[in-house]
Amino acid sequence: SQTIHQWPATLVQPVGSPLSLECTVEGTSNPNLYWYRQAAGRGLQLLFYSVGIGQISSEVPQNLSASRPQDRQFILSSKKLLLSDSGFYLCAWSKPDSPNGELFFGEGSRLTVL
Amino acid sequence: AQSVTQLGSHVSVSEGALVLLRCNYSSSVPPYLFWYVQYPNQGLQLLLKYTSAATLVKGINGFEAEFKKSETSFHLTKPSAHMSDAAEYFCAVRGDTGRRALTFGSGTRLQVQP
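Residue numbers (the numbering used here), protein chains in the order written: chain A, 245 to 358; chain B, 227 to 340.
Calculated from the structure, these hints are not laboratory results.
Cβ coordinates follow ideal geometry from the N, Cα and C atoms, glycine included.
Any given hint could be a false lead.
Derived SDA-like pairs (lysine to any residue); straight-line CA-CA distance at most 20 Å [claimed, not checked]:
(1) 323(A) x 260(A)
(2) 275(B) x 348(A)
(3) 339(A) x 316(A)
(4) 339(A) x 274(B)
(5) 339(A) x 277(B)
(6) 284(B) x 348(A)
(7) 275(B) x 342(A)
(8) 324(A) x 264(A)
(9) 324(A) x 342(A)
(10) 284(B) x 324(A)
(11) 275(B) x 341(A)
(12) 275(B) x 343(A)
(13) 275(B) x 316(A)
(14) 294(B) x 344(A)
(15) 339(A) x 314(A)
Where chain A lies over chain B, by a calculated footprint (3+ residues, C-beta under 8 Å) [claimed, not checked]:
(16) 272-285
(17) 289-295
(18) 301-308
To give a feel for the contact side, a few chain B residues facing chain A, derived at Cβ under 7 Å [unchecked claim]:
(19) 248
(20) 327
(21) 328
Sequences are here, hints too, so could you generate the full structure?
Shown next, in the form of structure tokens:
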């Protein structure tokens, strides 16, 4: 069966510090990978998605970036965090041949920027 | 373009009462529709999905939803609320075939009163 792991689960960082959130998927090959951010009362906002190694699509201009160095690894990064980067970050995957795009989510990473 | 509107950011019901969470969608092509549930500080879990096979879709934990094309709606219902149903619920759509990712509504927080 497939599983998805995210870490760290919680993170408190000062403004201006770097960020690295990691996500890995097991039990499948060539998944589509996604990073969403959830801000209080604002639902889920798609940040990045990837259909393959090194292929990243950005949905929202911001000071975050994403990378996919391996088939089942997806990393969310920032060089300098802003207060507005606080939120709950969710990694998700979908089957590459899925006709309906059903997403399978990780447990999330809560980031607080102070 | 695809979008989802969830009417009511907070819904409160008594234990044993009917649960009705509203979702309206917009899509330029026949959509795929989903309901996800999120418990505090956790990822999202799929409740049910509409993939054009049947307009009445049954999901986990006694929930069901009906796809109504004429009303562009996909409301979530449960005949009798349980305390364990207290969570946040998200409706999502995949319509535009050129867009791989799901678009989510802003969520509805369900509170169940004893």
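Here is what the structure says about each hint:
Proposed proximity of residue 323(A) and residue 260(A) is supported: the alpha carbons are some 8 Å apart, at most 20 Å. About 13 Å separates the Cα atoms of residue 275(B) and residue 348(A), which keeps this hinted pair within 20 Å; it holds. This hinted pair checks out: residue 339(A) and residue 316(A) have alpha carbons roughly 12 Å apart, not beyond 20 Å. Pair hint residue 339(A) plus residue 274(B) holds up; C-alpha atoms about 17 Å apart against a cutoff of 20 Å.
Between residue 339(A) and residue 277(B), the direct Cα distance comes to roughly 15 Å. Compliance with the 20 Å bound is thereby established for this hinted pair. Under the criterion of a C-alpha separation no larger than 20 Å, the hint pairing residue 284(B) with residue 348(A) is consistent with the structure, at around 19 Å. Of the pairs offered as hints, the one joining residue 275(B) and residue 342(A) holds, with about 13 Å between alpha carbons and a cut-off of 20 Å not exceeded. With a C-alpha separation of about 11 Å, the suggested pair residue 324(A) and residue 264(A) falls inside the 20 Å cut-off, and the hint holds.
A C-alpha spacing of about 36 Å is found between residue 324(A) and residue 342(A), which places the hinted pair above 20 Å, so the restraint is violated. Restraint check: the Cα-Cα separation between residue 284(B) and residue 324(A) comes to about 45 Å, which exceeds 20 Å; the hinted pair is violated. Distance hint between residue 275(B) and residue 341(A) is fulfilled; the C-alpha atoms sit about 17 Å from each other, no more than 20 Å. Simply put, residue 275(B) and residue 343(A) have alpha-carbon atoms about 12 Å apart, close enough for the 20 Å limit, and the pair holds.
Between residue 275(B) and residue 316(A), the direct Cα distance comes to roughly 25 Å. Violation of the 20 Å bound is thereby established for this hinted pair. Between residue 294(B) and residue 344(A) the alpha-carbon distance is near 18 Å, which keeps this suggested pair within the 20 Å criterion. A C-alpha spacing of about 16 Å is found between residue 339(A) and residue 314(A), which places the hinted pair at or below 20 Å, so the restraint holds. Only when three residues or more bring their CB closer than 8 Å to a CB of chain A does the claim for the segment 272-285 of chain B stand; here the count is 3, and the claim holds.
Coverage of a stretch by a chain is defined here by at least three residues with a beta carbon nearer than 8 Å to that chain's beta carbons; for the segment 289-295 of chain B and chain A the count is 0, and the condition is violated. Look at the segment 301-308 of chain B against chain A: 0 of its residues bring a Cβ nearer than 8 Å to a Cβ of that chain, fewer than three, so the hint is violated. The closest approach between the C-beta of residue 248(B) and any C-beta of chain A is roughly 15 Å, which is over the 7 Å cut-off, so the hint fails. A distance limit of 7 Å between C-beta atoms decides the matter here; for residue 327(B) the minimum to chain A is near 5 Å, and the interface restraint holds.
At its closest, the beta carbon of residue 328(B) sits 6 Å from a beta carbon of chain A; the interface hint therefore holds under the 7 Å criterion.
Violated hints for the displayed structure, listed by number in ascending order: 9, 10, 13, 17, 18 and 19.
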